[in-house]
Amino acid sequence: MDTLEELAQIARTRPEKLKEQKEKGVKIVGYIGRFVPEELIYASGALPYLLCRGGQPEPPDAVIPYMLRFMSPYSRSQIGYHLLGIDPVVPMLDLTVLQSTDCHESRLADLFEYFKLPTMRLGVPPDWEKSLSRDYYYKELARLIEKLEAITGNKVSEQRLKESTDSINKIRWLLSKINLLRKNQPPPIGGADFIRLNHYSFYADPQKILPKLDELYQELQKGGSPFPKEAPRILLAGHVVAIGDYVVPKLIEDSGGVIAAEFLDEGMRHCEWSVKTDGDLIRNLGETYFLERTPPSIFQPAWEARAEFMKKLIRDFSIDGVIWYELSFDEIYDLECSIVSKVLNEINIPFLKLESSYEYSREAVGPLTTRVESFIETVKQRRS
Amino acid sequence: MAKDIYEDFLRLTGFEEDEMSEYLPQWRKASERLGLTEDDVRFATQEQLPTYFAIELEGIRKLLGCFVKETIDLTKASEYKERGVKIVYGILPAILHFYYALKLTAPGKVYVSFPDIFLTLVMNGFFHKLSPLLEEAERTGIPYGCRHCALNKTRYAARRLDIIPSPDISWIWGFICDEGPKTDEFIRIYHDPEWKTYITRLPHDQPLGTVEDEVMDRVEYLAKQMKDGFESAQREIGIKVEEKKISEVIAIWHRYAAKLAELALLMSADPQPLGAVSGRLFWEPLFTPFNTGIEGMEKALDITIREVRQRVANKEGILPKGAPKLLIYSIHPSVPWIAKVFEENGVGIPLSEFFILTKKQLMPPSFEDPYMAAAEGWLRTSAMVNPGYQAEQICEKIETHKFDGAVFGLMDFDRWLGSPHRLLSRMVEEKTKLPVFYIEGDNWDDRDYSLEALRTRIESICEIMKMRKA
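Residue numbers (this note's numbering), protein chains in the order written: chain A, 124 to 507; chain B, 423 to 892.
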């Protein structure tokens, strides 16, 4: 898995590369959320940078003087690192595009503006089945294009957009092929690495990452697995495993399980879907991003469709148990968790809810380990 | 014969002698349905209401009576449904013009309510007994630890315990929080497949400081959303409302709001003539529809204005003249002791920012189209817009009513309304140079933040204010 380490190295050095590019006059555009198409950012000649950090308790705490304590630590982290003075990228961003889908994101945007960071909110109406809402999102994409053109001085031409869409589609396609290998028993790559792979894919130029992903796919296809054949296959579901928040995925796999599939709204490529590259490209982007993908938890209605999608993942990836990874005070996911738990109980799939405030001290990890180990053991016993 | 506490309760809450024969049996039945015992009614009659409400005033007694009538009516919603009356719910905050327009159009054919509001205000504010409902929700799918909103838990539990029926349509608004509308989706999937909903939402995507009611695209989008929602609700229940009915309601709303503006000015007189909790319930009809109608509330308001005007003329107050006064974000009579602790410590919090209106809100709408007018009205409301614009409006209210400072917080369950309070505190303090405080707490549900837990914080704030004013 040297390729994975190479990709990790590329991701780690991304801030330095961005700084070099900025010095050459290239604009750097940060973005938060799955509804901000990086295809548009590339097409404008700017470089995208996904803000999706988490996994440490201090950054969310740094936001408390400005925001309610009972907000998701993931959202708070996106500005918390900056407030602590340990975010190398946010201060150099020419623009940050924040999707406004839920309260946590919108309040985060308030803080970006309060701290005078160049900000654009991308409105995403959660009542997604209405034509009114769909049109609203399409208009928001048009507004984003105008903004990108204004800061870069470049036109988002059809040709450029087609090229960037093609590139991102190829990344999704390769990730999807790697993902499908995980149907094997045991899978050649676990969730802890696949989640990282998704993260790395946001931090490398497409032309650099594409050959690396292909290389990795060829390598994984040859067979072999770091997991024993009897390892229980786990579906990891929830809002997000942020970049740097790797304790829980690692713990699951260190405890004898293997994460064979994920169902996470943010921080992943959602590689099952591609954007069509013929016809009206902006409309195609809108359709894929807003309508075609499985709705995020905040959309309404969403939970029945999401439960069905989870059942499909459970069937397709031969899942033995589901771990719901929830962030503290993420109220919508907390409600959904009760529904998921009920649905899984009906189909007799073991379920474990874990909640994190990004507090992974020795004292906190002890009980967490015990819970995960007990769950994996229970699932193992059911299998045998 | 033993003293009838139910009758005493009704008498205390402004019921006339000639109403007793009609309402006493209804009140007994409603109490039973709500899980209220004779001891609970005695507690309300002898302790809670006399402690926190100015029951010496006829207008306040009548006001309480309106809430009792509405609560009785709420417990009859299942009977209404059996008789074929269409049940329409909503959640706070919503523009209630549409609900009232339904009532004006077909008074006997439709029942409108935001049930959780009345249950929370009455069960906790009058009886301090909301916890059985909250605990029912927490036992059955809305966990305790995540700080979910008491209103949402109450709505869900009320359905689970069969206090309220499934609606023909619950027209839910996500203009503010996410959890409100998603709770309705939760109820439908998790507990009651008959809980039919229609959702109307508006993204929070306006930059800080935007005067949202002047952004034409936004007003138009909101108007379209409202029209779409209202037409869906009408289709669902088979009642067609003419647009002039909405305009009629807007006129009634403005008339009532103008009277409230007068009460607000009276309440901010020096010395403060009326406790915060007593006056606060008058603002509820601006945001919550009364199925029993607004007339009773308006009558109670007229009487109270007259009585309070007299107190002002006599220079009578609940606090000494010159006592500091703070603008509080929102006082909910569901936890009435918060205001009382301030007042006992010599500081007034006569008005809630959430409810009092700016000059712009009192101006007639700029549009004749009732949906545009309603949308504009919504976007003129401080709590419904971005914190930059909200802070501007709060500063205007502080200036109008001559407050000495402000208190934010007590909304820690609300990821929208409660989440920017620390930021608002900073913005308002920067602009007004007045002291602005923040209190973490929950003004619907006082299980976590008891009197003992908050007293020290409030006493410190009061000490600071008195020292500043000395």
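Wrong hints could be hidden among the right ones.
Think about it this way: if two alpha-carbon atoms lie no more than 27 angstroms apart in a straight line, the pair counts; the simulated DSSO-like pairs of lysine-lysine are [stated by the list, open to error]:
| id | chain 1 | residue 1 | chain 2 | residue 2 |
| --- | --- | --- | --- | --- |
| 1 | B | LYS737 | B | LYS782 |
| 2 | A | LYS306 | A | LYS373 |
| 3 | B | LYS498 | B | LYS451 |
| 4 | B | LYS508 | A | LYS253 |
| 5 | A | LYS253 | B | LYS891 |
| 6 | B | LYS853 | A | LYS239 |
| 7 | A | LYS253 | A | LYS140 |
| 8 | B | LYS891 | A | LYS270 |
| 9 | B | LYS618 | A | LYS465 |
| 10 | B | LYS681 | B | LYS646 |
| 11 | A | LYS253 | B | LYS551 |
| 12 | B | LYS681 | B | LYS618 |
| 13 | A | LYS253 | B | LYS681 |
| 14 | B | LYS819 | B | LYS667 |
| 15 | B | LYS646 | A | LYS262 |
| 16 | A | LYS140 | A | LYS306 |
| 17 | A | LYS253 | A | LYS239 |
| 18 | A | LYS239 | B | LYS855 |
| 19 | A | LYS399 | A | LYS293 |
| 20 | A | LYS434 | B | LYS618 |
Computed far set for chain A versus chain B, every beta-carbon distance over 12 angstroms [stated by the list, open to error]:
| id | residue |
| --- | --- |
| 21 | ARG230 |
| 22 | ASN307 |
| 23 | SER378 |
No wet-lab data here; the hints were simulated from the structure. A quick note: this is a predicted structure, and the numbers were derived from the prediction, not measured. Quick reminder that beta carbons are idealized off the backbone N, C-alpha and C, glycines included.
We went through each hint and held it up to the structure:
no.	hint	result
1	LYS737/B / LYS782/B	violated (30 angstroms)
2	LYS306/A / LYS373/A	holds (20 angstroms)
3	LYS498/B / LYS451/B	holds (9 angstroms)
4	LYS508/B / LYS253/A	holds (25 angstroms)
5	LYS253/A / LYS891/B	violated (55 angstroms)
6	LYS853/B / LYS239/A	holds (17 angstroms)
7	LYS253/A / LYS140/A	violated (42 angstroms)
8	LYS891/B / LYS270/A	violated (50 angstroms)
9	LYS618/B / LYS465/A	holds (20 angstroms)
10	LYS681/B / LYS646/B	violated (30 angstroms)
11	LYS253/A / LYS551/B	violated (40 angstroms)
12	LYS681/B / LYS618/B	violated (36 angstroms)
13	LYS253/A / LYS681/B	violated (39 angstroms)
14	LYS819/B / LYS667/B	violated (31 angstroms)
15	LYS646/B / LYS262/A	holds (15 angstroms)
16	LYS140/A / LYS306/A	violated (36 angstroms)
17	LYS253/A / LYS239/A	violated (34 angstroms)
18	LYS239/A / LYS855/B	holds (21 angstroms)
19	LYS399/A / LYS293/A	holds (12 angstroms)
20	LYS434/A / LYS618/B	holds (25 angstroms)
21	ARG230	violated (5 angstroms)
22	ASN307	holds (34 angstroms)
23	SER378	holds (24 angstroms)
The structure fails to meet hints 1, 5, 7, 8, 10, 11, 12, 13, 14, 16, 17, 21 from the earlier list, while all remaining hints are met.
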